[in-house]
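Chemist: Guided by the hints, dock chain B onto chain A, whose structure is given.
Letter by letter, the chains look like this.
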Amino acid sequence: MDGTIKTYKEKSAGQRRVTEGSPVVKWILILICLVFLSTFLLLPLINVFAQAFAKGIGLYFKSLALPESLSAIKMTLIVAAISVPLNVLFGIAAAWSIAKFRFPGKTILLTFIDLPFSISPVVAGLMYVLLYGLQGHLGQWLDEHDIQIIFNLPGMVLVTIFVTFPFVARELIPIMQSVGVEQEHAALTLGASGWQTFWYVTLPSVKWGLLYGIILCNARAMGEFGAVSVVSGHITGRTDTMPLMVEKFYNDFNSVAAFSLSSLLALLALITLFIKTWLEWRQYRIERKA
Amino acid sequence: MSIELKKVTKYFGDFPAVYDVSFAVNEGELVALLGPSGSGKTTVLRLIAGLETPDRGEIYIRGKKVNNIPVQQRNIGFVFQSYALFKSMTVFENIAFGLKIKKWKKTEIEQRVKELFELLDLKGLEERFPHQLSGGQRQRVAIARALAPKPNVLLLDEPFGAVDAKIRQELREWLVHLHHDVNVTTIFVTHDQEEAMEVASRIVIFSKGCLEQIGTPRDVYENPVNEFVARFVGVMNVLELVVTNGVARIGELEFPPHGLIDGQKLRIGFRPYAVNVSSDPNRYRYKAILRHTYFLGIMLRLELELPSGIVIKARMSKEEYNSLGLQDGKEVSFEIKQYRILSKEGNQLSEEIPAV
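If you're matching them up, the sequences are chains A and B in order. Going by the numbering used here, the first sequence opens with residue 1, and the numbers climb by one from there. Going by the numbering used here, the second sequence opens with residue 1, and the numbers climb by one from there.
No wet-lab data here; the hints were simulated from the structure.
Straight-line distance between alpha carbons at most 30 Å, and here's what the computed DSS-like set of lysine-lysine pairs gives:
no.	chain 1	residue 1	chain 2	residue 2
1	B	K87	A	K207
2	B	K102	A	K207
3	A	K100	B	K208
4	A	K100	B	K87
5	A	K106	B	K87
6	B	K87	A	K276
7	B	K64	B	K102
8	B	K330	B	K287
9	A	K207	B	K103
10	B	K100	A	K207
11	A	K100	B	K100
12	A	K100	B	K102
13	B	K105	A	K207
14	B	K106	A	K207
15	A	K100	B	K103
Keep in mind the model is a prediction, meaning the values are calculated, not measured.
Just chain A, same shape as in the assembly:
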C-alpha cells in the first residue's frame, strides 16, 4: 500500500500528465483560489480572534464569564444536546426508508428532506410562531394547557431540529444506497433479526458517514441564528443562544464580548472542520484499501 502512495507522488511531482494542460494555467488558478480564500475566509476569521484578544486575555475571559454569556453558552449546548440526537434518529429512519425500501412517493419524501435547506431560516422560525404562537392554530389550546413553546426552549429546539434535519439523512442516503441490501440479506439468511442486522451490519457500514452527519448537524445547531432568533424572543439570560448574544453584544457596542463569544463559535467551527477532514481522510483510506 505504501508503494502505491509513492508511485502516485512520483508521478505527480515528476512528469506532467497528459490531461493536466499548461502549468501556467494551473498555477494561476491555484493563486486565484488562495487569494480568494485568504481575503474572504481566512482574514475575517483571524480578525475575530484578533478582536477578541484586542484588550488582553483577561478581558476576553471576563466577557465569557458574564452571566448573559454563560447563559447563552448553556442554552446553545442544551438546544444542540436535544436536537442533534433527535435528528440522528430521524435521519437514520429517513435514510433507511429511502435507501432500502421501494415505495410510492419516495421522491416526494426525498424532496421534503431537502426542504429545510431551501427555506430561509427566518421563514422557518416564522412558520413555528404562526403555528404554536398565541395567534396560531395550536397556540390557544397550548395556552389553555399552560404549555409555552414560542419564546421558550421547546420552540428553539423545534426550529433547530427543522433547520438541521437534512444533515444526517443527506449524509446517510448515498452511503446506504451504495452499500446496498446484500450484506443485510446475508445477515438475515444467517438467522439475524432485523434489530441484530441493523446493529451488527448496517450501523458499522455507515458509522463514519453518520459521524460526519452528526458533526455537521451539531455545527449548524449551535450556529443557527435566523430561525432561533424569531422564536426565542431574545430574553437575555433566558432564551438567548450564543449567536443571538453575539448580536446583542455587538449592538450594545461591547465588541470584546461580541468577539469573545464569536471566537468560541469560530473555534467550534474549526474543531468541526478538523474532525470532518480527519473523517474524510480516514474514509478515503478505507475505500482505497478496499
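Modeler: Below, chain B without anything else, positioned relative to chain A:
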C-alpha cells in the same frame, strides 16, 4: 426429499418472474438452475431462501411447508453473487456471525470456525478484512460463512460469476469436492451451460420464468425436450425446409417430407456431432467449403459453407481432424447422420431420426 416446489409463481408487478414452477431436489444432491439472464433462476433461489415470497404455490424444505416461515428460521446457507461479506468484520467474525446469532458457546464457535478454516483452506486469514482478500478467498469465506450454522441446504447465486476464467475452472472442481466432503444439499444458479454440465448431478433449465426441463446433464444434452433447451445446452443446427415435389429441402439439403404436402414447412435440428465430414469431396453426399475451424480444447468445431450459402456446424476430435488432413478453405464433403423435427413454435422436439 430435501426441497420441493409445487406450482410456484412469483410476479414482479405484472411481470411473471417465475411461473408455475414445480421440481424437487433430493437430500444431498448438487443441482444447477440454468438459464439465460432474466429467466427467473435467481428468483427461484431467493424464493427457496425466503428472500422473496411466492404469489402462488408451495415451497417445502425437508417436507415442511416454509411459505410462511421467515428467512431467519429456514436454516439455509446463501452465498450471494457479490459474496456480501460483512465489510466491517474480520474473516473470523464473518464466519462466526451465524453461530453468534444462534447463541453457540464461545468454545463451540471457535471449534466450528476452525473446522471450516481447514475444510476451505483459509488458515492464516482469520484476522484479515474482506477487502484484503482475493476474489477466490472471498468466495471461500462466503461459503464458509453460509456453511457454519450447518444449514439444511446450501444455495449459491452465480458462484463463479465474479472470478476470472482460470480460477473459475479450479473452483468448479473445488465445489464438486466440497460437496462430496460436506454432502449438504446444494443448489446453484448459473447462466453458463458448460459450468452446469460439469458440476451438477442434475440441471433445471429455465426460460422466461418457466421450467423447461429437468434432468441429468447427459439427459438434457442428448434428449432436449424443446428447441430452447436444445439450443441453450450445446449447439444445434436448425434449418427450415420447404416441401417441394414430395421432398423437404433447403438449398442442396434434402430430407424426407414426414407426411407433409408440397408447400408446407418443416423445421429440423441436429447437433454438430451428428455430422460426418471427410476431406474427400466425393465421400459423402453434400459438398461444402470448410470456412473456419474453432479450437475448443480436444474438440474442434467446423463451420461448413454450402455452395448455396447455408452454414452447418460440425464437431470432431483433434485426432480425427488431423488424420483427415482437413484445412480451412478446402473443399470437403459431409452427411447428416440423424436429426430431430422441431414443431413450429419450437416447443416440441421429435426423437432422433436416422438420415442415412
